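Peer 1: Just so you know, the protein sequences line up as chains A, B and C, in that order.
Using our numbering, the first residue of the first sequence is number 1, and each one after it goes up by one.
Using our numbering, the first residue of the second sequence is number 224, and each one after it goes up by one.
Using our numbering, the first residue of the third sequence is number 466, and each one after it goes up by one.
Hints were generated in silico from the structure; no laboratory data involved.
Being a predicted model, the structure only gives us computed values, none of them experimental.
We treat Cβ as the ideally placed atom computed from N, Cα and C, and that holds for glycine.
One thing to keep in mind: the hints can contain errors.
BS3-like cross-link-like pairs, simulated, lysine-lysine; straight-line CA separation at most 30 angstroms [claimed, not checked]: (1) Lys325(B) - Lys506(C); (2) Lys436(B) - Lys506(C); (3) Lys325(B) - Lys436(B).
Reference listing, derived: stretches of chain B covered by chain C, where coverage requires no fewer than 3 residues with Cβ under 8 angstroms from a Cβ of chain C [stated by the list, open to error]: (4) 306 to 318; (5) 323 to 330; (6) 349 to 358; (7) 368 to 377.
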Amino acid sequence: MRATFAVLAKDLRLELRTFETLPAMVLFSLSTFVIFHFALGRSAVGGQLAAGILTVTLLFAALLGAGRLFVAEREQGGFDAFLLAPVDRTSLLAAKAAAMFLFLALLEVVAVPAFGVLLLGPALGPRLPGLIAVLALADLALAVIGTLVSAIAIHTRARDMISPIIGLPLLLPALIATARAAAPVLSVHGSGAPPGKWLLILALYDVVFALIAYAVFDFLLED
Amino acid sequence: MTSYGRGLRGLSVATIATITVALALVFFYAPLDANQGFIQKIFYIHVPLAIVALCGFVVGGLLAIAHLRTGDRKWDLRSYVAIHMALIFGVGGLITGSIWAKASWGHWWVWSDPTLVSFLIVMLLFATYQPLRFSIEDPERQARYASVFAIVAGAFVPLNFIAVRMAQGVVHPRVLTLTGGRLPGSMGLTFAVSLLGIALLYATLWNYEIAAKRARMQLRRLRRAALGDDAAGALGRSAAPS
Amino acid sequence: MTGVFAVAPALPLHTAGPYVAAAYIVFVALILIYVAIMARKQRRTERELAQLRRDLHLPDQVRPADERAPEGRPQTELPQERIA
């Protein structure tokens, strides 16, 4: 547990000093909103379309962030140092997933209000609690699978390509659930409450993949 | 190590016999479907191909668990070949399914069919297995990472089917025919024999591919033993276990 | 969508036939492509095996020497010189 916090604190400090990942994710999301505006030719969206745009934008921003997750470890020998330390190896997984989750949450603090201003037709305010519930579960899936895929891809030659092509299909069920859960929340005359069925599927997906990642992560570090 | 493809002959004979019987049953014994007519005959090739492919993916994951547990590379070879063959069968399942969709619904692709969509997603995921292997040079690491991928993706297969089915909220007619007991006995028998035939074909090709791979690996090893490491020649990067 | 099969009329044989044939042809074609690829790999294995024999200066027992005279002769003569 202490190792997890140590690695997490290291990652956050690194991000604070370099501002390498998070600003890129935010800028990427804002540009994507602009692209969607012109690609769809609409100035205000709602319902399923809005949920889809938000989900896709966050997904690609997450893949962008996941690609950077282990770069410092790889380039500066952090993996070897971590393996030498007498700590549980899965603490690296937990720390990286937590860092990824925090990045996503911070990204959404900026990107979701921006989405509300730029593209969303109905008012964002009353819909915020429902949206936060959906996005929290979605972020968990993005964080866990993003970390796992990033750890697989970091030692491959074509890692910039490998991680999205593996990550996208793996994340598809979670994305289906996110888009479906967020649709009624963002609809013009919606109730504002996400459907429980989809929240449940998202939560189950999070739990199952967290367990799988926990089970296999050891083997990605052995050397 | 000397007997390449042990039991392959018996397996081949059983496969040929079963597939012959299955084809005969499909075209001469099974009755015409009341709703679908002749086109329903695709069912007997498409569904077994898809089922065997999905099972092959899951088996690949299970073999990968054995690899990570024991550290024995022969399990990696088995897992690799299981997924490799399942991909080939899966392509067959996708194409035949597409033909069926065109014939009965008028479109080559139908999004309202959760089974088809889930299958496509699974194929998209497993299609990245070979590129992943290919881009890891160190053979030991390649085997280990490929096994991790195979386990994750194998567990993903059932999960994905549940999620996509719930997304559509429609029970697929074909599955209804299968599980709802609406399949008449003669059709059920024909389907069972077809499934067995395709499964045997999968087992035969799996065995054959392993035999071929092992022969090549043995050859390379001999070459290295007889002529030294340099003589083995530039191996070239390969997605296959070595 | 549930009732799609009930609504869709059964296709007459002359329409359905080509589709069914196509599906089974796809199956056979896939197997044939697989066999062709494996045959190519098999040939490569044989070639490498012959190369290994030559490199180890073993007499080429697999093929009679005169069958492929232009290419085969210098290679088969080489081991005899060595032995002598």
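Peer 1: Could you work out which earlier hints the structure fails to respect and list their numbers in ascending sequence?
Peer 2: 1, 3, 6, 7
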